[in-house]
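Letter by letter, the chains look like this.
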Amino acid sequence: MEAPENHRAELSEVIDAIAQSYEASSPLNSGGGFPLPSREIVKKIIDDLEAILYPGYSGSEDVPTEYRRYRTAEHVVDVFEHLSSQIARSFRHECPGVHKVCDDCHSRGQKQALTLLRKIPKLREALAGDLQAAYDGDPAAKSFDEIIFSYPGFKAVAIYRVAHELHRQGVPLLPRIMTEYAHTVTGIDIHPGAKIGRSFFIDHGTGVVVGETCVIGENVKLYQGVTLGALSFPKDAKGRLLRGHKRHPTIEDNVTIYSGATVLGGNTVIGAHAIVGGNVWLTESIPPNTQIVIEPPRHKVRSGREVSALRYVVDYEI
Amino acid sequence: MEAPENHRAELSEVIDAIAQSYEASSPLNSGGGFPLPSREIVKKIIDDLEAILYPGYSGSEDVPTEYRRYRTAEHVVDVFEHLSSQIARSFRHECPGVHKVCDDCHSRGQKQALTLLRKIPKLREALAGDLQAAYDGDPAAKSFDEIIFSYPGFKAVAIYRVAHELHRQGVPLLPRIMTEYAHTVTGIDIHPGAKIGRSFFIDHGTGVVVGETCVIGENVKLYQGVTLGALSFPKDAKGRLLRGHKRHPTIEDNVTIYSGATVLGGNTVIGAHAIVGGNVWLTESIPPNTQIVIEPPRHKVRSGREVSALRYVVDYEI
Amino acid sequence: MEAPENHRAELSEVIDAIAQSYEASSPLNSGGGFPLPSREIVKKIIDDLEAILYPGYSGSEDVPTEYRRYRTAEHVVDVFEHLSSQIARSFRHECPGVHKVCDDCHSRGQKQALTLLRKIPKLREALAGDLQAAYDGDPAAKSFDEIIFSYPGFKAVAIYRVAHELHRQGVPLLPRIMTEYAHTVTGIDIHPGAKIGRSFFIDHGTGVVVGETCVIGENVKLYQGVTLGALSFPKDAKGRLLRGHKRHPTIEDNVTIYSGATVLGGNTVIGAHAIVGGNVWLTESIPPNTQIVIEPPRHKVRSGREVSALRYVVDYEI
Numbered sequence: 001m002e003a004p005e006n007h008r009a010e011l012s013e014v015i016d017a018i019a020q021s022y023e024a025s026s027p028l029n030s031g032g033g034f035p036l037p038s039r040e041i042v043k044k045i046i047d048d049l050e051a052i053l054y055p056g057y058s059g060s061e062d063v064p065t066e067y068r069r070y071r072t073a074e075h076v077v078d079v080f081e082h083l084s085s086q087i088a089r090s091f092r093h094e095c096p097g098v099h100k101v102c103d104d105c106h107s108r109g110q111k112q113a114l115t116l117l118r119k120i121p122k123l124r125e126a127l128a129g130d131l132q133a134a135y136d137g138d139p140a141a142k143s144f145d146e147i148i149f150s151y152p153g154f155k156a157v158a159i160y161r162v163a164h165e166l167h168r169q170g171v172p173l174l175p176r177i178m179t180e181y182a183h184t185v186t187g188i189d190i191h192p193g194a195k196i197g198r199s200f201f202i203d204h205g206t207g208v209v210v211g212e213t214c215v216i217g218e219n220v221k222l223y224q225g226v227t228l229g230a231l232s233f234p235k236d237a238k239g240r241l242l243r244g245h246k247r248h249p250t251i252e253d254n255v256t257i258y259s260g261a262t263v264l265g266g267n268t269v270i271g272a273h274a275i276v277g278g279n280v281w282l283t284e285s286i287p288p289n290t291q292i293v294i295e296p297p298r299h300k301v302r303s304g305r306e307v308s309a310l311r312y313v314v315d316y317e318i
Numbered sequence: 001m002e003a004p005e006n007h008r009a010e011l012s013e014v015i016d017a018i019a020q021s022y023e024a025s026s027p028l029n030s031g032g033g034f035p036l037p038s039r040e041i042v043k044k045i046i047d048d049l050e051a052i053l054y055p056g057y058s059g060s061e062d063v064p065t066e067y068r069r070y071r072t073a074e075h076v077v078d079v080f081e082h083l084s085s086q087i088a089r090s091f092r093h094e095c096p097g098v099h100k101v102c103d104d105c106h107s108r109g110q111k112q113a114l115t116l117l118r119k120i121p122k123l124r125e126a127l128a129g130d131l132q133a134a135y136d137g138d139p140a141a142k143s144f145d146e147i148i149f150s151y152p153g154f155k156a157v158a159i160y161r162v163a164h165e166l167h168r169q170g171v172p173l174l175p176r177i178m179t180e181y182a183h184t185v186t187g188i189d190i191h192p193g194a195k196i197g198r199s200f201f202i203d204h205g206t207g208v209v210v211g212e213t214c215v216i217g218e219n220v221k222l223y224q225g226v227t228l229g230a231l232s233f234p235k236d237a238k239g240r241l242l243r244g245h246k247r248h249p250t251i252e253d254n255v256t257i258y259s260g261a262t263v264l265g266g267n268t269v270i271g272a273h274a275i276v277g278g279n280v281w282l283t284e285s286i287p288p289n290t291q292i293v294i295e296p297p298r299h300k301v302r303s304g305r306e307v308s309a310l311r312y313v314v315d316y317e318i
Numbered sequence: 001m002e003a004p005e006n007h008r009a010e011l012s013e014v015i016d017a018i019a020q021s022y023e024a025s026s027p028l029n030s031g032g033g034f035p036l037p038s039r040e041i042v043k044k045i046i047d048d049l050e051a052i053l054y055p056g057y058s059g060s061e062d063v064p065t066e067y068r069r070y071r072t073a074e075h076v077v078d079v080f081e082h083l084s085s086q087i088a089r090s091f092r093h094e095c096p097g098v099h100k101v102c103d104d105c106h107s108r109g110q111k112q113a114l115t116l117l118r119k120i121p122k123l124r125e126a127l128a129g130d131l132q133a134a135y136d137g138d139p140a141a142k143s144f145d146e147i148i149f150s151y152p153g154f155k156a157v158a159i160y161r162v163a164h165e166l167h168r169q170g171v172p173l174l175p176r177i178m179t180e181y182a183h184t185v186t187g188i189d190i191h192p193g194a195k196i197g198r199s200f201f202i203d204h205g206t207g208v209v210v211g212e213t214c215v216i217g218e219n220v221k222l223y224q225g226v227t228l229g230a231l232s233f234p235k236d237a238k239g240r241l242l243r244g245h246k247r248h249p250t251i252e253d254n255v256t257i258y259s260g261a262t263v264l265g266g267n268t269v270i271g272a273h274a275i276v277g278g279n280v281w282l283t284e285s286i287p288p289n290t291q292i293v294i295e296p297p298r299h300k301v302r303s304g305r306e307v308s309a310l311r312y313v314v315d316y317e318i
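Chains as they are written, first to last, in our numbering: chain Z, 1 to 318; chain W, 1 to 318; chain C, 1 to 318.
Treat the hints with care, as some may be off.
You can't tell identical chains apart in this list, so a pair holds if it fits in one copy or across any two.
Stated by the list, open to error - In silico lysine-lysine, BS3-like type, Cα no more than 30 Å apart, as pairs: (1) K235 <-> K43; (2) K111 <-> K44; (3) K238 <-> K44; (4) K142 <-> K122; (5) K235 <-> K142; (6) K43 <-> K142; (7) K300 <-> K122.
No lab work stands behind these hints: they were computed from the structure.
Take the sequences, apply the hints, and build the full model.
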């Protein structure tokens, strides 16, 4: 695009000033000139993986069943190519002195991508369990198709399960880019490091946070706004955050946690078959088979004419 | 894309294993080979409908008023074509033995699409009311244009109103795909089955959930994080969820519900002109003209030097 | 697209009815035929600005460092062109009688776009501080790159800082379109009018609302679901909302506010170094160095066999 004649000089100055700011030391400059992963390509990988995991639900054309193998092969080769290169770039990112993807990172990328692809049948089994859990857990669900097409909880869990496998394989950076893509699309923030058992269902989902070191059993159900978070961040002798230890709770099998509940702390265990009611606030363990609900907040009520007159005034001081 | 020579055999194995997993019985396989709706085309339909409902706000070119009829005609024909085919596919989805869209589904699709298009002038009247309600309800709103361009609450309600009409017409699947698209973009989750009166406004909106069987009157205002949800899920004699009965609350005319409030249960009625304060938790009805706020949670406060030293330690156990 | 023969007459009627509805007076019609900003182009501007602010993180190709100046120049010229035209259209929007962008708006657009571009080095300094704050504040963060690539809080703050500068320059409409784009992508809703100091970090972020007249100091950290909102909306003698006065709280330096906390009111001040615990509800000021947490809500607990039998029944009435 041509800059209009009368602002060419000003734009040139602006460009110089910006280029100069790239010379200064800044944490923002770490990416400059090195091959880094690309969010656009990560999105393509996820689209292709979804087409492989539940064929027939994406794209706008019909694919007759007899052509399905051919179409699957295309998606698999695409995922292999893109995933290999993005994993290689993620490994490169851990060698800060290296300014290109070297042979070692390249072949590690290919190896890791193949390892992930070999897990697809197992991932499909896990997702079939999650799908059944969604259907069994929500009376508004009319069909499996509706859940695959439209449930944010199902999408977030599918992307998490792929990202978690890459995380387990030791791939840096990329798994988090994947789950944060899911966060953008669904409002559900699951760290790829969390460990989550079979038949997991999140309904509605906006605002859910599942922290890095959570351990979640089988048949667990969460509703919107649930936080499984950290209670405090220990520091080392120099006052720097300690990274990597267990900071988030353990949720045992068959637990249901209702909307807006908060469960905090690495030593907090929610026992099997427990029910945690909406808005509950837990920083300590509860035993199995426990049902815990809040005593509703004390309300102040004012009624009659008086209120009618006040009806557009919000006054929490009454 | 060509797979690199040295991994062709491995990829071939991977593709075989995945194709084999498609043969097994799995709820994930329901979509294979059948014509299903497409999320991409649903997005196009919504874009075109928005261009029809409030002309001039979408797209990047100017359209002089004199050409507007021509442009509208293009959008209407596009919506007709796409909506007909997506509705037909949604009907096909309810005939599980049928592997293509038959003549009956095809002509039902066209009929239903026309029915929806005939409602556009009425939908525009409803949206004009919602727009005025947003302007009247938010001191941060500077103009109608700002609301149409940028308010997630307005967008979510517009898409809901279209989806609700399709739901009323008996179209399966598609309405939910539409409202979940809105959920993705806005963080606001309104089930297309909910009944919502005129002049409805949701401010900020992230985390709002409006359940399938809600009934909401006129001039109702919700803030972010409000849940209008279910209290319990009755089951049939075999322990399966009962689907379809009223599980969500009724909100009468002129009610305002502030951020983070939760109202649960199919028998819960919030009377006309009531004000429900932030974080209120209601599982029972309140009469008209009532103002209900929480008594703020009891706080524990620690102050002075001591805290200053502790200031990066989160300790809920004090 | 050709309408099928047998529905041409019906579609023609539909188009006439819609065109007729455009003639009526409606707040939805304000956009018709006038040059308005375009959300698509605003998205392009933000993409280009991100490529300028932290080079190397967007796009899918490698750009060797030696070509970076050339690539930056392209992005800067693109931003200048698009931003000039969108600002001009935003000014036009304030001259309701004018049906095209006149010379005055056009040259104001160019001037304002240059002013913004000249601030890029300063904006980069501010974002470097925000990036460091994110790294220091989250033990799950493994590198700066991970934060730039994937943290919604960082993205929302970056877009806010650009939008806030345009807001300060007096550009109408456009800043809000920018921050609501960020809201869509991140679930974080920061009004461009808010004033926010250096080293600001929002973790997880879904559901955060920062109102128009907030004043936030340096080194402030917020978690998901925090509302910094208004307490009441004063009206003028005619009952219309008063717009523009301070309705939202002041948060002083070094404050941390945990998930789900609500702080309301234009006179509410959270003193420096205060810690506001999760789910706290504040409508009054607290002094510096205060630590305030909720006394956890009283819980009702039911345990043992009884619950096991009840485990799928949600019953808040126990």
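Now the hints, each set against the structure:
Proximity of K235 to K43 under the C-alpha cut-off of 30 Å is found in neither arrangement, the shortest distances being 36 Å within a copy and 40 Å between copies. When the C-alpha separation of K111 and K44 is checked against a cutoff of 30 Å, the pair qualifies only within one copy, where the shortest distance is 20 Å, while the shortest distance between copies is 36 Å. For the identical chains of this complex, K238 and K44 are neighbours neither inside a copy (42 Å) nor across copies (43 Å), given an alpha-carbon limit of 30 Å. Proximity of K142 and K122 under a CA criterion of 30 Å is satisfied in both settings, with 26 Å inside one chain copy and 29 Å between copies.
Taking the closest pair of Cα atoms, K235 and K142 come within 30 Å of each other only across two copies (15 Å); inside a single copy the shortest separation is 49 Å, beyond that limit. When the C-alpha separation of K43 and K142 is checked against a cutoff of 30 Å, the pair qualifies both within a copy, at 29 Å, and between copies, at 22 Å. Taking identical chains as interchangeable, the C-alpha atoms of K300 and K122 are never at most 30 Å apart, the minima being 53 Å within one chain and 41 Å between chains.
Figure legend: structure checked against the earlier numbered hints; hints not met, in rising order: 1, 3 and 7.
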